[in-house]
Amino acid sequence: MTTNLATSPARARALFDRLQQNRHLGLVGLAVALLAPFITATNYALSVMTSALLFVMLAVGLNIVVGYCGLLDLGYAAFFAIGAYVSGILATRYGWPLLATVPVVIVAAVVAGIVIGGPTLRLRSDYLAIVTLGFGEIIRITANNLTITGGPSGIYGIPGIMLLGVDLSGPVGLYYTCVVVVALAVLGAARLGRSRLGRAWRFIREDEDAAEAMGINTYRVKLAAYIGGAIWGGLAGILFGAQLSAISPPSFTFLWSALILMAVVLGGMGSTPGVVLGAIFISVLPELLREAADYRYFVFGILLIIVMIFRRQGLWPARAVERQSRRDKRRAEEHAARKGKEVVP
Amino acid sequence: MTQLLWNGLFVGSFYALVALGYTMVYGIIRLLNFAHGDLYMLGAFVGFGVLSVAGGLATGLGFVALLIVMLIAMLVTGTAGLLLERVAYRPLRGAPRLSVLITAVGASFALEYGMRLVAGPNPEVYPVRLAGDPVNLLGARITIQQASLIVIAVLLMAGLQWLVMGTETGRAMRAISQDPTAALYMGINVDAVIARTFFIGSALAGAAGVMAGGYYGKIDFLMGFVIGLKAFTAAVIGGIGNVKGAMLGGLTLGLLESIGTHWIGGQWRDVFAFTFLIIFLTLRPTGILGERVTERV
Numbered sequence: 001m002t003t004n005l006a007t008s009p010a011r012a013r014a015l016f017d018r019l020q021q022n023r024h025l026g027l028v029g030l031a032v033a034l035l036a037p038f039i040t041a042t043n044y045a046l047s048v049m050t051s052a053l054l055f056v057m058l059a060v061g062l063n064i065v066v067g068y069c070g071l072l073d074l075g076y077a078a079f080f081a082i083g084a085y086v087s088g089i090l091a092t093r094y095g096w097p098l099l100a101t102v103p104v105v106i107v108a109a110v111v112a113g114i115v116i117g118g119p120t121l122r123l124r125s126d127y128l129a130i131v132t133l134g135f136g137e138i139i140r141i142t143a144n145n146l147t148i149t150g151g152p153s154g155i156y157g158i159p160g161i162m163l164l165g166v167d168l169s170g171p172v173g174l175y176y177t178c179v180v181v182v183a184l185a186v187l188g189a190a191r192l193g194r195s196r197l198g199r200a201w202r203f204i205r206e207d208e209d210a211a212e213a214m215g216i217n218t219y220r221v222k223l224a225a226y227i228g229g230a231i232w233g234g235l236a237g238i239l240f241g242a243q244l245s246a247i248s249p250p251s252f253t254f255l256w257s258a259l260i261l262m263a264v265v266l267g268g269m270g271s272t273p274g275v276v277l278g279a280i281f282i283s284v285l286p287e288l289l290r291e292a293a294d295y296r297y298f299v300f301g302i303l304l305i306i307v308m309i310f311r312r313q314g315l316w317p318a319r320a321v322e323r324q325s326r327r328d329k330r331r332a333e334e335h336a337a338r339k340g341k342e343v344v345p
Numbered sequence: 001m002t003q004l005l006w007n008g009l010f011v012g013s014f015y016a017l018v019a020l021g022y023t024m025v026y027g028i029i030r031l032l033n034f035a036h037g038d039l040y041m042l043g044a045f046v047g048f049g050v051l052s053v054a055g056g057l058a059t060g061l062g063f064v065a066l067l068i069v070m071l072i073a074m075l076v077t078g079t080a081g082l083l084l085e086r087v088a089y090r091p092l093r094g095a096p097r098l099s100v101l102i103t104a105v106g107a108s109f110a111l112e113y114g115m116r117l118v119a120g121p122n123p124e125v126y127p128v129r130l131a132g133d134p135v136n137l138l139g140a141r142i143t144i145q146q147a148s149l150i151v152i153a154v155l156l157m158a159g160l161q162w163l164v165m166g167t168e169t170g171r172a173m174r175a176i177s178q179d180p181t182a183a184l185y186m187g188i189n190v191d192a193v194i195a196r197t198f199f200i201g202s203a204l205a206g207a208a209g210v211m212a213g214g215y216y217g218k219i220d221f222l223m224g225f226v227i228g229l230k231a232f233t234a235a236v237i238g239g240i241g242n243v244k245g246a247m248l249g250g251l252t253l254g255l256l257e258s259i260g261t262h263w264i265g266g267q268w269r270d271v272f273a274f275t276f277l278i279i280f281l282t283l284r285p286t287g288i289l290g291e292r293v294t295e296r297v
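Chains as they are written, first to last, in the numbering used here: chain A, 1 to 345; chain B, 1 to 297.
For reference, chain A alone in the conformation it holds in the complex:
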């Protein structure tokens, strides 16, 4: 009896660990996202869920920069704004369909990433934090001052998404579009994190000098992470414009960048399931706690400090051990087999 009591927390923890590492977790998450509208499908619920999905996409994108590569980006909302504005301007002023703006947005995000990341990533990583902070302000103020961006009133009348003649601009259509896009985005970011490039990112995060000594071109690899984050942010911006059909500069303040960062940090930097849950938590919580709105950001700030002091890895930490990919495993086996043959005669 006593042993049972002693071991049960440990067993529960082991079970929880196994659950956390489960490969099918992503499928479960996707199923939840697909089935959620069958539980409640009011316009309000759908809009909250769509916003949560967008937030997941942003958090996963920022996770590439902050979580994988360990670079602090405090102006992530700028890329989000670039995506929303570029697609919004092309769609409303020039009548492009929203899908056609995707390549242009990607190019714009990459260019912005290079302009900001190019000079700053050569310096100490703290500089990136503050330069991105300034960049976020530059983009917001510029959008506020130019006429093509509609000034303070922004852009309105952004059309919904049409795919092969199917109108996806209704709440349900938009929600499922977002589910598909965001699922791909999450999957893409996670796979990127497990790729060769992803390993280089994590190496740089753990020890930049050692990474450099091992022959990693740290500057280019860091720039790749920053640009990757930029693309994710820009694409999320398109969906944001499609959801709200109107965008204006106040949507892209530092508060947004900070909230996305909060989602990544709380969930667990570098951990895809953690970041996804963190994003859902941060975006849905305000809907549940309307009265506490005034205290919310204050508590978020305190929470950031507490998490950093007591649980730096976040609530759902990333796996510390690399899992061997199937291809690598096969190669290793073949190699061992060949070696075995050579030795036998």
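For the record, the hints were derived by calculation from the structure and aren't laboratory data. It is possible that some hints are incorrect.
[To be verified] Derived contacts from chain A toward chain B, CB cut-off under 7 Å, selection only: (1) G70; (2) Y94; (3) W96; (4) L99; (5) P119; (6) L123; (7) D126; (8) G134; (9) L192; (10) S195; (11) L197; (12) V265; (13) G301; (14) I302; (15) I305; (16) E333.
[To be verified] Restraint-style ranges between C-beta atoms, simulated for each label pair: (17) B/I259 - A/A36: 52 to 60 Å; (18) A/R11 - B/L117: 39 to 47 Å; (19) B/D179 - A/A36: 37 to 45 Å; (20) B/D191 - A/R122: 31 to 39 Å; (21) B/R86 - A/G118: 34 to 42 Å; (22) B/T282 - A/V284: 34 to 42 Å; (23) A/Y219 - B/V53: 50 to 58 Å; (24) A/V107 - B/R171: 48 to 56 Å; (25) A/V102 - B/T275: 49 to 57 Å.
Computed from a predicted model, the values in this text were never measured in an experiment. Virtual Cβ for every residue (Gly too), placed ideally from N, Cα, C.
Fit chain B to the given chain A structure using the hints.
Just chain B now, kept in the frame of chain A:
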């Protein structure tokens, strides 16, 4: 034109005061204290609170009242900086850089929205304005009070320069910035010196906050955000970690902004300043006075 230069010098001396705190903390423990701009905001609000309580007395005394208020605000923000260091930064000394930066963002957030809880989201109007009779000086119109604020700023900076270069505390600070471990072995109480640095830097930011309240006449809980960025820009222009550089950088940025906005319009002021930061980091990341620092592994 002289008017522009004066305005630039005036705003520049605010930037310099805030940049000093930034650069001191960075110089000693290599920490970008994002909450520094919010300590400036705190200073402005403390000054506002004291002036509102003292009410009639303050308006009668005018400028002298502002000086006393400034001293109180400096004490309060200095203590706040001390607390911040003790609670948020000291437990993380030696932690990865990213964690410390995130903590600093959290501290900034907590200060901003904590102040919003206390003072409300709307801007407050400062009870004491520095709007005396303007005097013509070399073709520019400035008030005596404005000029005296510049003098105060200069005195504070001179005091700091003396503190860093001429006292034992200053020597300890410089030793820690070179090598904290070696400084510890030499019998320096590293924690105490770092705490003192935070106190001084935060107090200077608080002084700048009260000055800005009196100068602009309006304060709000997010006022520290942009000034923090500007102060960092100023510190980078002068050479971060360098006390004289921060003063020079602050004045340079003030002048650049003042002249730049005259040409391209006031709504572009912040864009102009931050673009300058990016350009400066590209061309001369060590700043005007900074020397090349090799990263220690």
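Hint by hint, here is what the structure shows:
The closest approach between the C-beta of A/G70 and any C-beta of chain B is roughly 5 Å, which is under the 7 Å cut-off, so the hint is satisfied. Because the smallest distance between the Cβ of A/Y94 and any Cβ of chain B comes to about 25 Å, over 7 Å, the interface hint for this residue is violated. Because the beta carbon of A/W96 sits about 28 Å from the nearest beta carbon in chain B, more than 7 Å, this interface hint is broken. Taken as an interface hint, A/L99 does not check out: its beta carbon lies about 32 Å from the nearest beta carbon of chain B, beyond 7 Å.
Below 7 Å, beta-carbon pairs count as interface contacts, and A/P119 has one with chain B at about 4 Å; its hint therefore holds. The interface hint given for A/L123 is met, as the beta carbon of that residue sits about 5 Å from the closest beta carbon of chain B, less than 7 Å. Satisfaction of the interface hint for A/D126 is found here, the shortest Cβ-Cβ separation to chain B being roughly 5 Å, below the 7 Å cut-off. The beta carbon of A/G134 comes within 4 Å of a beta carbon in chain B, closer than 7 Å, and the hint placing it at the interface holds.
The interface hint given for A/L192 is broken, as the beta carbon of that residue sits about 19 Å from the closest beta carbon of chain B, more than 7 Å. Interface restraint check: A/S195 against chain B, minimum CB-CB distance 22 Å, threshold 7 Å, status violated. Interface restraint check: A/L197 against chain B, minimum CB-CB distance 19 Å, threshold 7 Å, status violated. Here the hint on A/V265 is kept, as its CB sits about 6 Å from the closest CB of chain B, short of 7 Å.
For A/G301, the interface hint holds, since its Cβ comes within 7 Å of a Cβ in chain B; the closest pair sits about 3 Å apart. Annotation: interface hint on A/I302 holds; nearest CB of chain B at approximately 5 Å, less than 7 Å. Annotation: A/I305 was flagged as interfacial toward chain B, and the flag holds, the nearest CB pair being 4 Å apart, inside 7 Å. Below 7 Å, beta-carbon pairs count as interface contacts, and A/E333 has none with chain B, the closest being about 37 Å; its hint is therefore violated.
Checked against the hint of 52 to 60 Å, the C-beta distance between B/I259 and A/A36 comes to roughly 56 Å, which is consistent with it. Restraint check, A/R11 to B/L117: a C-beta distance of roughly 44 Å satisfies the suggested window 39 to 47 Å. Distance hint check: the CB atoms of B/D179 and A/A36 are about 56 Å apart, inconsistent with the given range 37 to 45 Å. In this structure, B/D191 and A/R122 meet the distance hint of 31 to 39 Å, their C-beta atoms being roughly 33 Å apart.
For B/R86 paired with A/G118, a C-beta distance near 39 Å keeps the hint of 34 to 42 Å intact. The hinted range of 34 to 42 Å is satisfied by B/T282 and A/V284, whose Cβ atoms lie roughly 41 Å apart. Against the hinted window of 50 to 58 Å, the Cβ-Cβ separation of A/Y219 and B/V53 comes to about 55 Å, which satisfies the hint. About 54 Å separates the C-beta atoms of A/V107 and B/R171, a value consistent with the hinted range of 48 to 56 Å.
Between A/V102 and B/T275 the beta carbon distance is about 29 Å. The supplied range of 49 to 57 Å is therefore violated.
Against the hints set out earlier in the document, violations occur for numbers 2, 3, 4, 9, 10, 11, 16, 19, 25.
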